[in-house]
Amino acid sequence: MTPPETAAASRTAPQSNTDLLGLYTDMRRVRTFEERVGELFVRGQSAGSMLHLSIGEESAAVGVCSAMRDGDTFTTHHRGHGIFLARGADPNRMMAEIAGKQDGYCHGKGGSMHIADMGLGHLGANAIVGGGIPAVVGAGLVAKRRGTGAVSIAFFGDGAMQQGILYESMNMAALWDLPVMFVCINNQYGMGTRVDQATRATKFEERAIAFGLAGRAVDGLDVLEVREAAAELVDGARTGKPAFLSVDCYRFFGHARKDKSPYRTEAEETAGRKRDPVAHARAALLDAGTDEALLDRIDGDAATEMDATIDFAVASAEPPLSSMFLDVYGPDEPMPEPLATRIDRVLARE
Amino acid sequence: MTPPETAAASRTAPQSNTDLLGLYTDMRRVRTFEERVGELFVRGQSAGSMLHLSIGEESAAVGVCSAMRDGDTFTTHHRGHGIFLARGADPNRMMAEIAGKQDGYCHGKGGSMHIADMGLGHLGANAIVGGGIPAVVGAGLVAKRRGTGAVSIAFFGDGAMQQGILYESMNMAALWDLPVMFVCINNQYGMGTRVDQATRATKFEERAIAFGLAGRAVDGLDVLEVREAAAELVDGARTGKPAFLSVDCYRFFGHARKDKSPYRTEAEETAGRKRDPVAHARAALLDAGTDEALLDRIDGDAATEMDATIDFAVASAEPPLSSMFLDVYGPDEPMPEPLATRIDRVLARE
Amino acid sequence: MVEMTYRDALRQALIDAMTENDDIFVIGEEVGRYGGAYGVTKGLIDQFGPERLLDTPISEPAIVGTAVGAAMAGMRPVAELMYVDFIGMTMDQLCNQAAKIRYMFGGQIGVPMVLRTQGGTGRSAGAQHSQSLEAYVMHTPGLRLAMPGTVADAYHLLRMALTQPDPVVFIEHKALYAMKEDVDLTAHVPDWGKAAVRRRGTDVVIVTYSRQVHYAMQAAEALAGQGIEATVIDLRTLNPLDFDTIRAEVEHVGRAMVVSEGPLTAGVAAELAARISEECFDFLHDPVIRIAGEDIPISVSVALEAGSVPSAEIVEQTARKLVA
Amino acid sequence: MVEMTYRDALRQALIDAMTENDDIFVIGEEVGRYGGAYGVTKGLIDQFGPERLLDTPISEPAIVGTAVGAAMAGMRPVAELMYVDFIGMTMDQLCNQAAKIRYMFGGQIGVPMVLRTQGGTGRSAGAQHSQSLEAYVMHTPGLRLAMPGTVADAYHLLRMALTQPDPVVFIEHKALYAMKEDVDLTAHVPDWGKAAVRRRGTDVVIVTYSRQVHYAMQAAEALAGQGIEATVIDLRTLNPLDFDTIRAEVEHVGRAMVVSEGPLTAGVAAELAARISEECFDFLHDPVIRIAGEDIPISVSVALEAGSVPSAEIVEQTARKLVA
Ligand SMILES: Cc1ncc(C[n+]2csc(CCOP(=O)(O)OP(=O)(O)O)c2C)c(N)n1
Ligand SMILES: Cc1ncc(C[n+]2csc(CCOP(=O)(O)OP(=O)(O)O)c2C)c(N)n1
Ligand SMILES: [Mg+2]
Ligand SMILES: [Mg+2]
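Those sequence lines, one after another, are chains X, D, L and S.
Here this note's numbering runs 74 ahead of the position in the first sequence, where the first position is 1.
Here this note's numbering runs 74 ahead of the position in the second sequence, where the first position is 1.
Just so you know, this note's numbering puts -5 at position 2 of the third sequence, and the rest follows in order with no gaps.
Just so you know, this note's numbering puts -4 at position 3 of the fourth sequence, and the rest follows in order with no gaps.
Bear in mind the hints are in silico, worked out from the structure with no lab data behind them.
The structure presented is a predicted model; accordingly, all values stated were derived computationally and were not measured.
Glycine included, C-beta positions come from ideal geometry on N, C-alpha and C.
There's no promise every hint is true.
Straight-line distance between alpha carbons at most 35 Å, and here's what the computed DSBU-like set of lysine-lysine pairs gives [claimed, not checked]:
id: 1; chain 1: L; residue 1: Lys187; chain 2: S; residue 2: Lys35
id: 2; chain 1: D; residue 1: Lys218; chain 2: X; residue 2: Lys277
id: 3; chain 1: X; residue 1: Lys315; chain 2: D; residue 2: Lys277
id: 4; chain 1: D; residue 1: Lys348; chain 2: S; residue 2: Lys35
id: 5; chain 1: D; residue 1: Lys218; chain 2: L; residue 2: Lys35
id: 6; chain 1: X; residue 1: Lys315; chain 2: X; residue 2: Lys218
What the simulated footprint calls covered on chain X by chain D, stretch by stretch (three residues with Cβ under 8 Å from a Cβ of chain D suffice, anywhere in the stretch; the number is not a length) [what the hints assert, rightly or not]:
id: 7; segment: 110 to 122
id: 8; segment: 244 to 254
id: 9; segment: 273 to 279
id: 10; segment: 282 to 296
Residues of chain L placed beyond 12 Å of chain X at every Cβ, according to the derived structure [as the list claims (entries may be wrong)]:
id: 11; residue: Met(-6)
id: 12; residue: Glu13
id: 13; residue: Glu244
Only chain X is shown next, with the shape it has when bound in the complex:
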């Protein structure tokens, strides 16, 4: 059941789309996947309710990932479905993992907040705010040492901007000229806390600059802008100039599936949801003369593809109970003795 040790980024990520139509397609797939995650929850098929949808943040995921290359690695925060999809994830295995099933990326052990895939360079989503950030310093160190030309990118939210480990990590990346990038997806909220309720200093790029990194902020409404900024910074990082990018967007829905966002007004939400990068890209494509039927087909394909993920997840088996003791330690290590076995052994008193 356990695959052999997999070196990070050993498989080839699909070629990224870089034109607006391609970026639109990727964003639509993310959007539709997240909508299906919501359905999975409503159907009672998700493992738990800690499901954090990235709807409204598609341009950050797709724009930054479009600047990544084969061999690059990354970590994400708890709201990471879209990022990994943009980087080439199999949506079926993602949905199965969200359902806690055997066919999921982590065989049901990880769940929504701990999806990872070493083959595609995904060093893991993280349920600890800021927890995945320093790992990219380590991955960047290895890339530099080995001269692989790879970049390692940490994705996180505005909430993580107040976690000290970010500054320690940025400082090290700058000190060692590492091919590392820090991407803040600033969706204006950390749970119920608006970004200006968490800090007086909301120009996050200035903090990065004060630590010696290249720092920029960009409006996430336009995926091409995100892509342009990301490409410039990722290219810089690749040559040893670590970078920081903050992408401004809006968290369309509650923090997690059960949160109805009572801490913000409907008017604010309505305005926020107008800042829709998917709709914005669609409008731009139409303006530029793209055939609407083509866009409808793209949307329809995404719907078909993502509908299937639910069926896949539901049909996938529960992980066998015995798998519980697997993978605590390396493949040739003895497994922990189950409690019941130990108790029987002790009570046998032989």
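With chain X held as given, fit chains D, L and S with the ligands onto it using these hints.
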């Protein structure tokens, strides 16, 4: 043996000196005390060798403390003797603590790195780099809540600039408009690491500014400059504008008593020791026409006063072994059962 | 008697304590406007204002450090850590600062703060949001540790914690928040540091705390139907630990099991079993059996999560085998 | 046979491992130019260069996190934490990340890093620089834990740690660095995860590790002069724990003591005593006695510091009373 619970800053700190002659006197006392700490170690009378002398940094301690008022509180790092002396410490009780003796500020439990005196608002020295920083946010919060007008100041070294908890603390202080100040005593080294070997971004004040604080850096050679900057920032902090000050100086000797600083050249040390705030103040006083005999008398008084601290410390008793179980918990709480008692009780099998 | 949830009892304790003592304030992520991730502080901001329900940035180390400083400066902070799983970020402030300040500084001052948090399994929250980490705290001299298992204790232990001279880590169980019990909050409860004997029997003593109290009680009832009578001790606080009660019950019965949701190795169950084995040696007919969490991380899969920690069934089965 | 210090054995292990395996590098505060706060890495920077002796800023959480990422990316970092007392700043990266990554991610990858650090009393270093915190590590599934007590083990356990598939916390004892022993580094040592029986007797088994091995041996020699013969087990690694060896010796002798420098409550001694009491119940003539650090912080005063932790004398006295 245990004093009753003491509220912080309940005693009156001696009036601070603010003119150059007074500041010189204070700096000389610090310098001479630290020289005596060195002697205590050589005589084998200190508890251990983790003694961090602040020689070369006197202007930071004396300059900033001269801007403090009665009721203000502070925490220090491990190199904190000078700061506390500048704030009114009894050098005898300090030296006794450094010797691990009963008459020390902490009855021999704390030692050089854990001297504290609630009465004078000293919330404690800390042996964890950065460990004492967030406490001033809490103290500042209380001062603001109660409208006491007090400021709380964290003193730390350049090494702590790379600890994440500093940024979390600065962010909170700025967010809540707290009467809090952060003072970095930048002596150019954290153990054997020169400040530019720890970071690419040595303009520390820019980091504070990027977090929304008032930030300044000042040359520690001239205590009056330090005092001026500190006074401005402390006054600002008192009105709810948290501040950061970096004082540039040079660590004259090794990191701790046993370190001979092989990682830096003699030439560098010689140049560094020329940046002597005590000598600088003396020269300025002479220039301004101060009678040299007066300065000699001040120096002599400091020598006499500080000589006596060694005798005091050596004469002080060891703490009684039974005091070991005291003050783990509050005064009316039962003490932990000693190991030997427990074993005898168990083996008695009654 | 009123029917009340564990969550509401905690909230009521905060309300009553904050009403009586102006120095108490709550500080943590989402404690104010949001009302707490598990709703314990819901509505309190309306009653006490944002200064006493202080919403913080996501900065766990500094939250605990700020509470330490505020406690030293004379107030009584209730710092909230949203999940006990995040304690790893704060253990320097908690264990090197809060726990040691009184001692290191020679008794000059204490740190009378409460760190409220919650732990345990039951919500498919995965490896970083489902742990039972009380052993780290119990192992650290200078920290008190309370873990209420009942609605009445949720109220009373929190009230008592808010009068202690020393830092108290107060760990709620996430699966208990919605639990309702009939309580009379004016009725006598055991003092701080005293265990409660929830049931008395003659065949086996089950020593436990927090959610496992309910599993032990369920097991005891099932066992009673099989002619086995169990004593169930709810420790309520792990520091202070009321070993006198454990000793008296175990010496009387001669057989003991300890139950803890935390990982087995070097955990709370180890301490309890070691101490009972050491101090009640001549009274024991059988070894003290430890029932605890498996020495593995917690999975998000519902089945694996449930399988990773003790259940009422394993308590019952083990007792039956032990007594046989 | 050569005479060698514990410090030099550790250094030699790093040199040999780094020579054999280019993927190994050391990362931490003052590990390069300074040569390590306790001199273990002295001179290595000349041999291996600053890229493999990577001096870091003072940022413990990110040091451990960087090592985690580097291990995942295919190298083998030896992260150094100058004092185990600083582990509290890193426990999120250590316990929520390093320890759980293999499991959470369904076995995709491991985190083959070593966290070298040192602990214990003996230098009047005070409450925040003298602790024995191995119990936190032992309690955390997913982390291996090695604690060498001898010069040969300093060498071999570090070499072995550098071949493990999982994160190993490697805790040296600060009072042992200058200790010299005659060693033949080519002689056979027990495998990884196997305890060493340092001495065999018939009256009492003393189970211990790290510096306390020497106290136990001193006590055993003194006891031998009084007609009491002790077995001394040096655990070498606490995870894996070689309980088979403990069981065999204890069942043979029927009497056991466990000795640990860490605080008593919920510590390593509790685990060992609980497990011996549980698994060897029918073979024990007497309770398993725990000798451990007092449940108090460590003082800077030389006298109080020494009084806070076990000594050879208390091991000897306790054994004498136990056997009497
Ligand atoms: C260390 C830590 N603290 C708190 C939490 C609880 N928590 C989970 S997500 C979240 C908000 C995060 O906000 P942000 O970083 O902006 O990410 P977003 O949810 O907006 O994507 C909080 C407080 C956590 N998981 N980890
Ligand atoms: C958290 C932590 N990490 C490392 C150390 C070891 N250490 C003690 S002092 C020191 C250097 C501190 O440098 P700086 O902050 O500049 O203060 P300075 O010694 O120069 O006054 C180090 C690394 C420590 N005590 N605490
Ligand atoms: Mg956000
Ligand atoms: Mg310095």
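In terms of beta carbon proximity below 8 Å, does the segment 282 to 296 of chain X have 3 or more residues touching chain D?
-> holds (count 4)
Within the assertion that chain D covers the segment 273 to 279 of chain X, do at least three residues meet a Cβ-to-Cβ distance smaller than 8 Å?
-> Contact hint for the segment 273 to 279 of chain X vs chain D: holds, 4 residues under 8 Å.
Does the alpha-carbon distance linking Lys315 (chain X) and Lys277 (chain D) stay inside the 35 Å limit?
-> Given pair Lys315 (chain X), Lys277 (chain D) holds - Cα atoms ~19 Å apart, limit 35 Å.
Would you check the hint for Lys315 (chain X) and Lys218 (chain X), treating anything up to 35 Å between C-alpha atoms as holding?
-> 12 Å, holds
Status of Met(-6) (chain L), Cβ more than 12 Å from any chain X Cβ | Its Cβ never comes within 12 Å of chain X, the nearest being 31 Å, so this holds.
Lys218 (chain D) and Lys35 (chain L): Cα distance at most 35 Å?
-> Judged against 35 Å, a Cα distance of about 25 Å means the pair holds.
For the pair supplied as a hint, Lys348 (chain D) and Lys35 (chain S), is the alpha-carbon distance within the 35 Å limit?
-> 31 Å, holds
Is the hinted pair Lys218 (chain D) and Lys277 (chain X) satisfied, with a Cα-Cα distance of at most 35 Å?
-> 27 Å, holds
Are all C-beta atoms of chain X more than 12 Å from that of Glu13 (chain L)?
-> At about 28 Å from chain X, Glu13 (chain L) clears the 12 Å cut-off, so the statement holds.
Glu244 (chain L) non-interfacial with respect to chain X [C-beta, more than 12 Å] = 21 Å, holds
Would you check chain D against the segment 244 to 254 of chain X, counting CB to CB pairs closer than 8 Å, and say if three or more residues qualify?
-> holds (count 3)
Decide if the proposed pair is consistent with the structure: Lys187 (chain L) and Lys35 (chain S), CA atoms, cutoff 35 Å inclusive.
-> 53 Å, violated
When the structure is compared with the earlier hints, violations turn up for hints 1, 7 and for no others.
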